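S.K.: Its first residue numbered 638, the sequence shown is counted upward by one per residue in the numbering used here.
Worth flagging that the hints you see were computed from the coordinates, not collected in a lab. Note that the structure is predicted; figures quoted are calculated from it, not measured. Hints may contain errors.
Just the calculated beta-carbon pair ranges, DEER-fashion [claimed, not checked]:
#1 Gln741 / Gly698: 41 to 47 Å
#2 Thr735 / Arg714: 22 to 28 Å
#3 Ile672 / Ser638: 32 to 38 Å
Calculated pairs, DSBU-like style, for lysine-lysine (alpha carbon to alpha carbon, straight line, at most 30 Å) [to be verified]:
#4 Lys702 / Lys723
#5 Lys723 / Lys688
#6 Lys702 / Lys688
Idealized CB from N, CA, C, for every residue including glycine.
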Amino acid sequence: SLVSGGLLAVTCTDMAALGGSHPETCYGRYSSMPIQRAEYLQELAVRILLKDVACAAARYGRTIKPILSVGMNFYVRCFVEIRDDKRGVNDLSLNIGTVYQSTQCP
Numbered sequence: 638s639l640v641s642g643g644l645l646a647v648t649c650t651d652m653a654a655l656g657g658s659h660p661e662t663c664y665g666r667y668s669s670m671p672i673q674r675a676e677y678l679q680e681l682a683v684r685i686l687l688k689d690v691a692c693a694a695a696r697y698g699r700t701i702k703p704i705l706s707v708g709m710n711f712y713v714r715c716f717v718e719i720r721d722d723k724r725g726v727n728d729l730s731l732n733i734g735t736v737y738q739s740t741q742c743p
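With the sequences and hints as input, model every part of the structure.
M.R.: Structure (C-alpha cells):
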C-alpha cells in the first residue's frame, strides 16, 4: 500500500508483446495494440505501460505522475508518483490517445 506521494517502480520484461511480435498478447495484457517494426518501439512500449498503470491506479481513486521512464533492450521501466486524486481520475480519458501510422510509410 502506497501513501499519496509515494513512488512506484514498474518493470516490464515482455518486450515481445509490447514490441509487436505478439500483438494478441499485448492486447490481452495491456488492452493496446503495438505498431510492429516502428522506429519508436521503446517509446510506444513505455506509453502502453504508463497507460496500464494509470488505469490500474484509477480503479482505486488514484492518479499517477510519471517521474522517469526508460526503455532498453528487452525491458521498460517506469517510475511514477502515486497520488490520491478522485477528480483527476475523471480526467484520465482526456490524457489517453491513439497513435496512427500509415502502412505505406517506412
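S.K.: Against each hint, give a clear statement of whether it holds in the structure.
M.R.: These are the hints, each one checked on the structure:
1. Gln741 / Gly698: 41 to 47 Å: holds (44 Å)
2. Thr735 / Arg714: 22 to 28 Å: holds (24 Å)
3. Ile672 / Ser638: 32 to 38 Å: Given about 36 Å between the Cβ atoms, the range holds.
4. Lys702 / Lys723: Given pair lysine 702, lysine 723 holds - Cα atoms ~14 Å apart, limit 30 Å.
5. Lys723 / Lys688: holds (17 Å)
6. Lys702 / Lys688: At roughly 11 Å apart (the allowed maximum being 30 Å), lysine 688 and lysine 702 satisfy the hint.
Checked against the numbered hints above, the structure breaks none of them.
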